[in-house]
Each structure stands twice: as C-alpha cells, then as structure tokens.
Amino acid sequence: MSAPTLEALGLTHTFAAGTPSEQLALQDVDLIMEPRSWVVVLGANGSGKSTLLNAIAGSLIPDRGTVRVSGRDVTHWHEWRRSALIGRVFQSPATGSIGHLTVAENLAVAAKRGRHRAVLRNPLSRAGRRELADRVRELGLGLEDRLDTPVGALSGGQRQALTLLMATLVRPELLLLDEHTAALDPRSTEQVVQLTEQIIRKEGFTTLMVTHSMHQAVTLGDRVILMHRGRIVESISGARKRQLRVEELLASFDRLRNADLVDESAAEMLRRLYI
Amino acid sequence: MNLLVGALSIGFLLSLLTLGVFITYRVMGRLDLTTDGSFGLGAAVAAALLAHGVNPILATVAAAAAGWLAGATTGLIYVLLGVDTLLAGILVTTALYTIQLYIMGGGNLSLGALQTLPGAAERLWFALHLPESITLGDTSVRAGLFSSLLVFVAWVLFSIWVLARFLRTELGLALRAAGGNAQASRALAIDTGLMVTLGLLLANGLVALAGALFAQYQGFANVSMGIGQIVSGLACLVLGEGLLGRATLRRQILGTLFGTITFRLLVALALVAGLPADALKLSTAVFVLAALVIPGVIARGRRRLGPAAGRP
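Protein sequence lines, in the order shown, are assigned to chains W and A. All residue numbers for the first sequence refer to the numbering used here, where the first residue is 1 and numbers rise by one. All residue numbers for the second sequence refer to the numbering used here, where the first residue is 1001 and numbers rise by one.
Take the hints with a grain of salt, since some may be wrong.
Stretch-level coverage of chain W by chain A, calculated; a stretch enters the list once three of its residues show a Cβ under 8 Å from a Cβ in chain A [said to hold, decoys possible]:
#1 117 to 130
#2 199 to 211
Here are a few chain W residues that face chain A, going by a calculated C-beta distance under 7 Å [as the list claims (entries may be wrong)]:
#3 Trp-80
#4 Ser-83
#5 Ala-84
#6 Arg-88
#7 Thr-95
#8 Gly-96
#9 Ser-97
#10 Ile-98
#11 Glu-138
Output of the computed footprint for chain W on chain A, the stretches with three or more beta carbons under 8 Å from beta carbons of chain W [stated by the list, open to error]:
#12 1169 to 1176
#13 1183 to 1190
Derived by calculation from the structure, the hints in this document are not laboratory data. All values reported here derive from a predicted model rather than from experimental measurement. Idealized CB from N, CA, C, for every residue including glycine.
Just need the whole structure built from these sequences, with the hints factored in.
Structural data, given as structure tokens:
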C-alpha cells in the first residue's frame, strides 16, 4: 500500500494575527488524497480555499500543521523546492508563465522542473525544439507554429492551456489548479476545462482543484469538498458525487449562509442583553 | 580622428558595463547599485596587481573575479538577510570604497610605466612589424590606439559571445525566468534567490572587467572612478534600446554594444563642441531621465488626444 499522494494534517493559519483585521483562514484542516484522485474545492470568497492551496504549495507557511507529499514531509521545504513534486496553474494567466520569454523558452524552463539545469546545454537545439513542438501540438491550439512568440502575446485561454502543459511537462506527484479558469471568457473557459479533463484523465494526475464554478464542481473530479470559514464542512464522493446536481450544492451554500445569519442574530441578541 | 578611435575604444570596453546593467536592470528587473562599487573595484584590483608585476591578462581576470565576489555579496545579503537588493547594493558599494583604498594603498594609482593590456598589444603590434601610424582621411592615427582598440574589441566580443551563449542554456533560461516572473519560476522549481545572486554575480563581474580595462586604457586607477557609472550604463542601455529595440535577446545584447559606442561618440563630439568635461555627469543624468520618461509622456499624450492621434 503506497502512501497517500497528499496528507495535509491540522492546517491552521491566521492572517494579521493580533490586529483588528485578524482573520482565521484555516482551522485545523485535514485533507488526504489517494493517488490518481481528483478533488474539487468549492467555497465562497474568504472561505480559505486558496489559502489551503497556498499552504500545500508552500507559498504560505501555515501557523500549524504538516504537509506530506507521497510520504515526504515537505512542511519546511521552500516553495521552489516543493515545486519539484507539485505542478501549479494559477488564476491569472499572467502568473503561471513568463511573459517576455517565448513559448519554446517557457516550455524549456518547465521541462526541467525538479531536475538539474545544465550550465552549458542549450535546450532549444533543433532536436529540443522538435520535441517541444510535438508536446505543444497535443494541445491542439496551433501553438506549435508560434514557438517563437513571446507568451505575453498569447490570449488568456492559450496562456492557461500552455501553463497547464508546463505544469505537467514533468509528471507532477500532485497538480494544483487555483481557479484556473476564473479569469477567462466563457469560450476559453470551456476549452481550458476540456483540456484539463483530457490531460488529467489520460495521465491519471492526482489533482486538487479550487473553483467557484458549481457547474465545474458537479461535472469534474471524483470528490467535492465545501469550505466555509476556514473549515471543510462537507465532503461529497462516490455515488453521491456522481449524482450531484448544482441545486444540491446551492442548497448546501444556503444552509451555510443561514447558519451565519443565525450566528449573527445570536451575537446581536447577546450584545443587547449584556451591553 | 585620434579622438574618434579613442571614443571607439572606450565605447567597446564600457559596453561590458552596459551589459552588466542590462543583466541586472532588464534581465533581473532590479537596479543594482553595486555597479558603481564593482567598477572601481575592478580598476583597483587590476591596477594593484599590475603594480606588483602580475601578467596583465591574469590581473584583468582577477579583477572580474573580484566583481563576482562583490555581486555575490550583494546577492547573499539579499537572500540570507532579507535586505532589499537596492539597499544591499548601496551598502556593498559604500564598503567597497574603503576596500579600494586598501587595495590601491591610496586614492590614486598610476599605471604609467607598467605592463598593461594595451601596452602588451602595442608591443605585439610592433613585433609583427606593423606600421607605426595609420592614415585615416587626412590625419594619421598612432598605432598604439589601434592596437589597444583591437585588444578591447577581442575581450569584449568574447565576453558578449560567452554571455549570449549562457543566457540560452538551461541555467541561463532559469535566470531570465526568475527575473521575469518570480512566482512562475518558483512554481517551476527555480530557486529564485539563487538566481538573483547569480545574476548579480555575473553582472558585477562584467562591470569590474570594464573597470579593469578602463583603468588600463586611461593609465591610472582612481578611487572615485566608479561614481555615477550605473547612470552612464543606463544611458547607454536606453540609447541601445532606442537604436535596436527590445524585440529579441540578440537585439538587446547587440544594443548594449551599439548604444555604448554611440553614447561615447556623442560624448566625444560634445566635448569637441565645447561641453566642459565637468558637466558630463549632469548631462548624462539628464539624458537618462529624459530617455526613461519621454516615451511614457508621448504615449500618455497620444492617449489623451484620442485614438486618431499619432496616425498619419
């Protein structure tokens, strides 16, 4: 029995601790992902879903908790070092690739994720370029003819598709997608979602995907977790996930919102009683 | 004509300084004030070693290595101590002033009678029985000027070639990536702190090399010769970008060479036309400010005038 791909245990983090704007972003969150599983994280703004992803990727070191990837304790690893195991696509198309480098150069950089980068080797020799062109052709976006175009000149959808390829060019143990279609127009969103599904299903990548699209949460992945106020409040998998409908998720969200209202009215009542 | 050949020599050797500024300012996206310090350091190290009778090639290489150390120091202060590179550069440059005084044993070191690179080149020139002077137009140019121009051209073209090759290797690409987008680079498993240090190291090596060659060209090293070099490097950089654009790496690298040569020719012309030498640094600073600001002002003006403006 191999170790789970991801074991995030007891993750707790407070932003701006000790100040009036203190915000508890993660409260004792546990998340365990088996190899080849695909978990979709859903939650309102500020529910802690991006913080969870950042804590796993290492862009944020949580106050408490441990992160293990494929059995390795990476809690104290730098973000760049963790990236040898983790592939990432960000929300903004500008974040995940290097705008002033060409498509070929970006791919060449990505092809060495977690590997030795040689001092003398030119990765864009004729053979190297041909290999990269073959990989980029699989995306079906015609980028193989634009290898020498700066990535900054691509459309948002093309750039996210390229970033997805870059994140998976070296097989990642874990793939993190942080609302990677949120900044795209509907047509590009559809394209990128299709591509995402195709790549993940074909290669069997273990994937943790944050989204605020209920439609994506229903149609993609094999487990949905709902986050609210820094906690995982619901986890839907198996047959229930397969039959999940958007209405059911909406109902869950309404329940959470009502619970908040109850909390607030209770607090208001207490204030009136005691002040 | 002597002035022209001289300006060409200075243009070639100072293009290494511009190349250093290009690496930090454009490739790494950081203004590195270590530049001023390492230029003077390169000059001081080369001069002191030459004064001890060290072979000029060895002394020049040692000067570049001293520049690497200076750049790496700035980088490590940033990475290990978390001090911003701008402040780290100022600190290192300030410290280097004292170090230069120690190295040279004073504020000034003359290379008059010493064996230098241009001197060696001149001796080689005569050993090959080449003519003592060459007539260009209606003036004759001393052979020494030509031989030193050739030796600078050789050093500089070799350095540019090595750097251009390096920036296309796997490590070189990682360096450019880290300078262009640190977040994406970390997500692609690039140690961005290490890359910043490497960039500063390379850049300051080139700058120190320029300082070493410049001291040998003018025949002395001075503790204050690094002051303002970053501004003159920036001037040459933006001039080169104006001439060749920023479309490709090749254009950018060649731009540093052409920009520096053009700038030095302009300086020579200005001096001939009667610009007092004391006014040079002020003029250069004004030029850099104008070159950096004016394109933005023009673009804003066009936007304000509406989409039709700027079309024929």
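We went through each hint and held it up to the structure:
1. 117 to 130: holds (count 8)
2. 199 to 211: violated (count 0)
3. Trp-80: Interface hint status for Trp-80 of chain W: holds (4 Å vs cutoff 7 Å).
4. Ser-83: 4 Å, holds
5. Ala-84: 5 Å, holds
6. Arg-88: 4 Å, holds
7. Thr-95: 6 Å, holds
8. Gly-96: Holds. Min distance 5 Å.
9. Ser-97: Holds, about 6 Å.
10. Ile-98: Holds. Min distance 4 Å.
11. Glu-138: Glu-138 of chain W check fails; min Cβ-Cβ to chain A is 19 Å, beyond 7 Å.
12. 1169 to 1176: holds (count 6)
13. 1183 to 1190: With 8 residues in contact (Cβ-Cβ under 8 Å with chain W), the coverage given for the region 1183 to 1190 of chain A holds.
Against the hints set out earlier in the document, violations occur for numbers 2 and 11.
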